[in-house]
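Novice: These are the residues of each chain, in order.
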Amino acid sequence: MSHGHHGHHEVKEPIGWMDRPEKVRLFFRFFYVICAALFAAEFLLLGAENAHPHPLEERMRFFVYPVYGFLSFWFLVLLARPMRTLLIRSEDYYEGGGRYREPGAGEGGHD
Amino acid sequence: MTSLPPFVLFFAGALVVAVTRGAVRKAVVLAVPLAGLAVLWAGAGQDVAANGAQQYLTWELIGYTLSPFRADKLSLLFGYLFHIAAFLGFVYALHLGDGAPDGSVAGDVGEDDVVGNARAGLQHVAAMLYAGSALGAVFAGDFITLFVFWELLAITSVFLIWARDSERSYATGFRYLIIHVVSGVLLLSGALVLAHGTGSITFDHVGLDGTGAAGWILLIAFGIKAGFPLAHNWITEAYPESTPTGTVFLSAFTTKVAVYALARGFAGADPLIYIGTAMTFFPIFFAVLENDLRRVLGYSMINQIGFMVAGIGIGTNMAVNGAVAHAFADVIFKGLLFMAMGAVMTMTGRTKGTDLGGLYKTMPFTATLCIVGAAAISAFPLFSAFVTKSMIMVAAIEEHHYVVWLFMLFASAGVLEHAGIKIPFFSFFAHDSGIRTREPPRNMLVAMSIGAVLCVAIGVFPSQFYTLLPLEMDYHPYDLRHVLTQLQLLAFGALGFVTLVKTGVYPDEKRAVHIDAEVLYRKLGPWLVRTVGALALRIDAYVRASVLEFVRTSLGAVDRSHGEMGPLARSWPAGSMILWVALLLAAYLIFYL
Chain V
60 MSHGHHGHHE VKEPIGWMDR PEKVRLFFRF FYVICAALFA AEFLLLGAEN AHPHPLEERM
120 RFFVYPVYGF LSFWFLVLLA RPMRTLLIRS EDYYEGGGRY REPGAGEGGH D
Chain R
18 MTSLPPFVLF FAGALVVAVT RGAVRKAVVL AVPLAGLAVL WAGAGQDVAA NGAQQYLTWE
78 LIGYTLSPFR ADKLSLLFGY LFHIAAFLGF VYALHLGDGA PDGSVAGDVG EDDVVGNARA
138 GLQHVAAMLY AGSALGAVFA GDFITLFVFW ELLAITSVFL IWARDSERSY ATGFRYLIIH
198 VVSGVLLLSG ALVLAHGTGS ITFDHVGLDG TGAAGWILLI AFGIKAGFPL AHNWITEAYP
258 ESTPTGTVFL SAFTTKVAVY ALARGFAGAD PLIYIGTAMT FFPIFFAVLE NDLRRVLGYS
318 MINQIGFMVA GIGIGTNMAV NGAVAHAFAD VIFKGLLFMA MGAVMTMTGR TKGTDLGGLY
378 KTMPFTATLC IVGAAAISAF PLFSAFVTKS MIMVAAIEEH HYVVWLFMLF ASAGVLEHAG
438 IKIPFFSFFA HDSGIRTREP PRNMLVAMSI GAVLCVAIGV FPSQFYTLLP LEMDYHPYDL
498 RHVLTQLQLL AFGALGFVTL VKTGVYPDEK RAVHIDAEVL YRKLGPWLVR TVGALALRID
558 AYVRASVLEF VRTSLGAVDR SHGEMGPLAR SWPAGSMILW VALLLAAYLI FYL
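Protein sequences appear in the order of chains V and R. Under this note's numbering, the first residue of the first sequence carries the number 60, and numbering increases by one thereafter. Under this note's numbering, the first residue of the second sequence carries the number 18, and numbering increases by one thereafter.
FYI, nobody ran anything at the bench for these hints, they're computed from the structure. Warning: the hint list may mix true and false statements.
[Stated by the list, open to error] With a Cα cut of at most 16 Å, we get these calculated EDC-like pairs of lysine to aspartate or glutamate:
{"#": "1", "chain 1": "R", "residue 1": "Lys369", "chain 2": "R", "residue 2": "Glu489"}
{"#": "2", "chain 1": "R", "residue 1": "Lys540", "chain 2": "V", "residue 2": "Asp151"}
{"#": "3", "chain 1": "R", "residue 1": "Lys369", "chain 2": "R", "residue 2": "Asp64"}
{"#": "4", "chain 1": "R", "residue 1": "Lys369", "chain 2": "V", "residue 2": "Asp151"}
{"#": "5", "chain 1": "R", "residue 1": "Lys369", "chain 2": "V", "residue 2": "Glu150"}
{"#": "6", "chain 1": "R", "residue 1": "Lys90", "chain 2": "R", "residue 2": "Asp221"}
{"#": "7", "chain 1": "R", "residue 1": "Lys369", "chain 2": "R", "residue 2": "Asp525"}
{"#": "8", "chain 1": "R", "residue 1": "Lys90", "chain 2": "R", "residue 2": "Glu489"}
{"#": "9", "chain 1": "R", "residue 1": "Lys540", "chain 2": "V", "residue 2": "Glu150"}
{"#": "10", "chain 1": "R", "residue 1": "Lys540", "chain 2": "V", "residue 2": "Asp78"}
{"#": "11", "chain 1": "R", "residue 1": "Lys90", "chain 2": "R", "residue 2": "Asp125"}
{"#": "12", "chain 1": "R", "residue 1": "Lys540", "chain 2": "R", "residue 2": "Glu489"}
[Said to hold, decoys possible] So the derived label-pair ranges between C-beta atoms look like this:
{"#": "13", "chain 1": "R", "residue 1": "Leu209", "chain 2": "V", "residue 2": "Thr144", "range": "40 to 50 Å"}
{"#": "14", "chain 1": "R", "residue 1": "Ala70", "chain 2": "V", "residue 2": "Glu150", "range": "47 to 57 Å"}
{"#": "15", "chain 1": "V", "residue 1": "Glu150", "chain 2": "R", "residue 2": "Gly451", "range": "36 to 46 Å"}
{"#": "16", "chain 1": "V", "residue 1": "Glu117", "chain 2": "R", "residue 2": "Gly229", "range": "18 to 28 Å"}
{"#": "17", "chain 1": "R", "residue 1": "Thr385", "chain 2": "V", "residue 2": "Arg84", "range": "15 to 25 Å"}
{"#": "18", "chain 1": "V", "residue 1": "Gly106", "chain 2": "R", "residue 2": "Val202", "range": "39 to 49 Å"}
{"#": "19", "chain 1": "R", "residue 1": "Ala534", "chain 2": "V", "residue 2": "Glu150", "range": "15 to 25 Å"}
{"#": "20", "chain 1": "R", "residue 1": "Val41", "chain 2": "V", "residue 2": "Arg84", "range": "11 to 21 Å"}
{"#": "21", "chain 1": "V", "residue 1": "Arg140", "chain 2": "R", "residue 2": "Leu488", "range": "41 to 51 Å"}
{"#": "22", "chain 1": "V", "residue 1": "Arg140", "chain 2": "R", "residue 2": "Glu184", "range": "30 to 40 Å"}
[Stated by the list, open to error] Sample of chain V residues at the chain R side, in silico, Cβ under 7 Å:
{"#": "23", "residue": "Leu105"}
{"#": "24", "residue": "Phe121"}
{"#": "25", "residue": "Pro141"}
Every residue gets a Cβ at the ideal spot worked out from N, C-alpha and C, and that includes glycine.
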């Protein structure tokens, strides 16, 4: 068993790209440009053959995947939040614990 | 050597591993899977390619034929996969026994022994036997052999959970063992009922048509190991409780043996389409909420197996090929993700989203490899799942399962959310946790790098990979529409994540558990036993008291009439007797006259 090699005594406090706001801004700008390009690329598909069309694609015709992808994330999270209210319990629930209590809250709280 | 079942080498290897130490043991654990893979490829692999399916060994036993080494393209695919998984796992676990790695801060949370030693010998032996059992199961040509290895899978792998050496891991291990033994008992029962009807114990297509109860019993037996809904929590319980290295082995074998068994026994069974679709759907909600990142990967495992199960249910050549190809890809990319989380645990002692963040500064190489695994599971073009999962989805459309396809597409976005973004984001980026550590030991980095290369290789060279698949098909994953629509789905899903986080709608990680079906046997079951037990005790006490009271009252009454002073025990004078006789005679006369 080794106890003596804890790296935080040796490593200098590192600065990462996420600590630099201008780099984070650049990252997001790059990401938004990619999204815009992929959105516009829908027009490339106008002439492309679709060997296995789904009724949703035939009905919506355009932007099926970007819309579906974006809405899926929102649907997922908007349904998960009330699920949490219902299902959340303390970390030691199965060892005899009970309701979840928000850190710092005197009485039981929830999300 | 061709006719030697592949498990034999692993079982023999386990014996050697048990009696060796240090460099020799390390050499053996690496040599066994590599040698096994070479022998399988050059022997049975070439033989099957030239001559078709083979039964290399058959033994007669009380009128039934045991066949412990049946090789065809389906079993070979899983055979190759398990050798590769075992090799990757052993490379990853090579440092075990050397103590906590340099730079690890796991000692700060008391986990230095778990991440460095954790019963190294036991883990190596158990993993070797476990991999051998998985090989034994996929090459089993009959149900009895399958049953033996089915149970051995459980018995050998539980030691990888117990190696964590905590109260919680012992309890989890026992529950894991019970669930898997039940699955084995069901397997044997189903096989016996089937054999009673057909007179054969050969493990081939079973199906649900005309097999009656046997078919359903076998389906449930396989389903428990595959993590069917309500039977899925052994996965999310066991994986986070094992050691960093143990979970990598656990994630590779058991569920994939079940997928193999379903593909062989139940291809085209309609209920699997809907069971599989449910499996792709519900775990992603739990994965959003879950704090323990290895438990998130457990839910992710169920979600991915859902795609495979649905593909098997659809049953066309492309769907079944897609299912087993996705199983192959999943072992590699899920293994890579579990390895990345294991590396984080090894270096920090932590795996919870609330404790982690900012590790890209000190573990950039691990972060990059984790992102490769995340891209592979999310099915980005040029990564493995893009060329495997899409077969299942195309097959769903071809067979007009349109609603199923919509669910799968939603589940694909869900995969991106929890495995593609949440896992790397909360461990390596997000809020800087202040934990300062280093990259994990070199062997861990090597194992992860090989996994990452395989994720890309499968994605870039799909046609070479497809030659390993068991059924004939014609599928080309790379066309403009597929690439572009998949990129649109993923990019706009990610945009959804960004907007959810920026608007504060995305739920924070919380130090909590979210109850799932396991509450039935971890809380409700014990509560029922306690409540029914207490009720039974009260009823018992009441009945006993009532009976005693009745006996006491009766004895009192008898005592009053027959006791010392009781009227019936008294001696009566003859005169009164004559009087009573006269009265009775008088009554008699009055009555009759």
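Novice: Take the hints in turn and mark each one as holding or not.
Specialist: A quick look at each hint next to the structure:
Only pairs whose Cα atoms come within 16 Å are accepted, and Lys369 of chain R paired with Glu489 of chain R is rejected, the gap being roughly 44 Å. Between Lys540 of chain R and Asp151 of chain V the alpha-carbon distance is near 12 Å, which keeps this suggested pair within the 16 Å criterion. About 48 Å separates the Cα atoms of Lys369 of chain R and Asp64 of chain R, which puts this hinted pair outside 16 Å; it is violated. Restraint check for Lys369 of chain R and Asp151 of chain V: the C-alpha separation of about 15 Å stays at or below 16 Å, so the hint holds.
A hinted pair counts as satisfied when its Cα atoms are at most 16 Å apart, and Lys369 of chain R with Glu150 of chain V qualifies at roughly 12 Å. For the suggested pair Lys90 of chain R and Asp221 of chain R, the alpha carbons sit about 14 Å apart, so the restraint of at most 16 Å is met. Taken as a hint, the Lys369 of chain R and Asp525 of chain R pair is honoured in the structure, with Cα atoms around 12 Å apart against an allowance of 16 Å. Using a Cα cut-off of 16 Å, the hinted pair Lys90 of chain R and Glu489 of chain R holds, with the two alpha carbons roughly 11 Å apart.
Restraint check: the Cα-Cα separation between Lys540 of chain R and Glu150 of chain V comes to about 14 Å, which is no more than 16 Å; the hinted pair holds. Of the supplied pair hints, the one linking Lys540 of chain R and Asp78 of chain V is violated, its CA atoms being roughly 45 Å apart against a limit of 16 Å. Only pairs whose Cα atoms come within 16 Å are accepted, and Lys90 of chain R paired with Asp125 of chain R is rejected, the gap being roughly 49 Å. Annotation: proposed proximity of Lys540 of chain R to Glu489 of chain R is violated, straight-line Cα distance about 48 Å (limit 16 Å).
The hint said 40 to 50 Å for the Cβ distance between Leu209 of chain R and Thr144 of chain V, and at roughly 47 Å that hint holds. Between Ala70 of chain R and Glu150 of chain V the Cβ separation comes to about 51 Å, which falls inside the hinted range of 47 to 57 Å. Between Glu150 of chain V and Gly451 of chain R the CB atoms are about 21 Å apart, so this pair departs from the stated range of 36 to 46 Å. Look at Glu117 of chain V against Gly229 of chain R: about 42 Å separates their beta carbons, and that is not inside 18 to 28 Å.
Judged by the Cβ atoms, the range 15 to 25 Å given for Thr385 of chain R and Arg84 of chain V holds: they are separated by roughly 22 Å. Gly106 of chain V and Val202 of chain R have their C-beta atoms about 59 Å apart, which leaves the hinted 39 to 49 Å range violated. Distance hint for Ala534 of chain R and Glu150 of chain V: a CB-CB separation of about 19 Å, consistent with the stated range 15 to 25 Å. A C-beta distance of roughly 55 Å is found between Val41 of chain R and Arg84 of chain V, which places it outside the suggested range of 11 to 21 Å.
With their beta carbons about 43 Å apart, Arg140 of chain V and Leu488 of chain R fall inside the hinted range of 41 to 51 Å. With their beta carbons about 33 Å apart, Arg140 of chain V and Glu184 of chain R fall inside the hinted range of 30 to 40 Å. A distance limit of 7 Å between C-beta atoms decides the matter here; for Leu105 of chain V the minimum to chain R is near 11 Å, and the interface restraint is violated. The criterion of a C-beta within 7 Å of any C-beta in chain R is not met by Phe121 of chain V, whose closest approach is roughly 11 Å, and the hint is violated.
The beta carbon of Pro141 of chain V comes no nearer than 10 Å to any beta carbon in chain R, farther than 7 Å, and the hint placing it at the interface is violated.
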